[in-house]
Amino acid sequence: MSKSTYQIALLPGDGIGPEVVDAAVRVLQAGVAREGIELELKTYEAGAGLYQRTGESMAEADAQAVGRADAVLLGAMGLPTVRKADGTEIAPQIDLRERYGLFASLRPCELFPGVPTRVKAEKVNMLVIRETTEGLFAGRHDKQEPNDEAVSDRLTITRVTSEKLFEVAFQQAKQRRATHGTPGHVTLLDKSNVLRSNAFLRKVFDEVAERHPDVETARLYIDAGSMMFVTNPERYDVVVTENVFGDITSEIAAGVVGGLGVAPSGDVSLKHGIFQPSHGSAPDIAGKGVANPVATILSAAMMLEWLAQQHDDARCTEAATAIRRATAAILQDGPRTPDLGGKGTTESVTDAIVTALKN
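Counted the way the numbering used here counts, the sequence shown spans residues 541 to 899.
Hints are computed from structural coordinates only; laboratory data are not their basis. Please note that the accuracy of each hint is not assured.
Stated by the list, open to error - Calculated lysine-lysine pairs in the DSBU-like style (CA-CA distance at most 35 Å, straight line):
id	residue 1	residue 2
1	Lys704	Lys743
2	Lys731	Lys743
3	Lys731	Lys811
4	Lys883	Lys743
Unchecked claim - Restraint-style ranges between C-beta atoms, simulated for each label pair:
id	residue 1	residue 2	range
5	Gly827	Lys582	22 to 28 Å
6	Arg736	Ser542	43 to 49 Å
7	Asn772	Leu581	28 to 34 Å
8	Phe740	Ala718	29 to 35 Å
9	Ser544	Gly654	20 to 26 Å
10	Glu575	Gly829	26 to 32 Å
11	Asp693	Gly607	23 to 29 Å
12	Thr771	Thr861	29 to 35 Å
13	Gly827	Asn772	37 to 43 Å
14	Gln872	Val700	41 to 47 Å
15	Leu581	Ser542	16 to 22 Å
16	Lys828	Lys582	54 to 60 Å
For clarity, every value in this text was computed on a predicted model and none was experimentally measured. In this text, a Cβ means the ideal position worked out from N, Cα and C, and glycines have one as well.
Taking the hints into account, I'd like the entire structure generated from these sequences.
Here it is, written out as structure tokens:
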């Protein structure tokens, strides 16, 4: 059921995060104004900067408040120079995934007209779905004795999470076929010829696939499948895979369509959703006004689509569609930031998209 007002939590984070979130909020507000949607936005601090000052990456009260929001828009978190004692970066976004069971990361990669690519492809429109709570990240909090000779990480695949993940993949394939005219095809990437965990993953995939006979499927080993992102990206519609494999292949897919600056994502469960660009905090360009806001703007559009599904609110779908169309138009004929070969700024790109939305 649609709501009169949606509560949106903003997590700008580190580096360029605040810049791209500010840009996305401007576009988001212009988009929802067209449809009479009310948003209540509240900003929370989290990330490496907070960790440096307080020793914690996110306050407990804020983490709880984020969980009560209807959706979350996140910028980027972590800085290469700020690390824990074990050498890992500060990553409250991963903590939030685990806390709220955000088991699926949806990472659409579409080649927009006018965006330069090094790959010979004309129509790339895929969705990479990465499992985000287990796989090779499962042992992230395992206690280990200090050891300078050997260190291991645990890879765990469970039936309950895999079944939920694959159900999302098949439902996304059907939805994309109905709304975007894509083939409605799901490809599993794994290493089932070597890893027992991945053989189990494929077994569960086959079982779930039997429940969806109207969706075509394919199974590829991760090495060959990774190559095809470059040599034949048009073969993919929905791709689903393990946590680390998805982390890597989704960035390969982003490179095919112009880079992380145009690659949105959403980490979701059946109840919660956090939407963010696929890129990192890019501290080398923070504050220079040249960060590409497109990935965050498209993530905001994804957030509206998700809210539309959660609350059966067609207004959110219309606003999301308008934002995507305006963004595509500017990518084709408007200013572009340096990562896309242009001389535009974060502000000029955002201004152009807002103007396109209002016209």
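Status of the hints after comparison with the structure:
1. Between the alpha carbons of Lys704 and Lys743 the distance comes to roughly 14 Å, so the proposed pair stays at or under 35 Å and holds.
2. Between the alpha carbons of Lys731 and Lys743 the distance comes to roughly 12 Å, so the proposed pair stays at or under 35 Å and holds.
3. Under the criterion of a C-alpha separation no larger than 35 Å, the hint pairing Lys731 with Lys811 is consistent with the structure, at around 30 Å.
4. The straight-line distance between the Cα atoms of Lys883 and Lys743 is roughly 50 Å, outside the 35 Å bound, and the hint therefore fails.
5. A beta carbon spacing of about 24 Å between Gly827 and Lys582 agrees with the range 22 to 28 Å that was offered as a hint.
6. Checking the proposed 43 to 49 Å range against Arg736 and Ser542 shows it holds: the Cβ atoms sit about 46 Å from each other.
7. Range check, Asn772 to Leu581: Cβ separation about 42 Å, and the 28 to 34 Å hint is violated.
8. Checked against the hint of 29 to 35 Å, the pair Phe740 and Ala718 passes, with Cβ atoms roughly 31 Å apart.
9. A hinted range of 20 to 26 Å is violated for the C-beta pair Ser544 and Gly654, which are about 38 Å apart.
10. With their beta carbons about 30 Å apart, Glu575 and Gly829 fall inside the hinted range of 26 to 32 Å.
11. The beta-carbon spacing between Asp693 and Gly607, approximately 28 Å, falls within the hinted interval of 23 to 29 Å.
12. Checked against the given bound of 29 to 35 Å, the beta carbons of Thr771 and Thr861, roughly 32 Å apart, stay inside it.
13. Distance hint check: the CB atoms of Gly827 and Asn772 are about 40 Å apart, consistent with the given range 37 to 43 Å.
14. Checked against the given bound of 41 to 47 Å, the beta carbons of Gln872 and Val700, roughly 43 Å apart, stay inside it.
15. For Leu581 and Ser542, the Cβ-Cβ distance of about 18 Å falls inside the hinted range of 16 to 22 Å, so the restraint holds.
16. Distance hint for Lys828 and Lys582: a CB-CB separation of about 28 Å, inconsistent with the stated range 54 to 60 Å.
Checked against the numbered hints listed earlier, the structure breaks hints 4, 7, 9 and 16; every other hint is satisfied.
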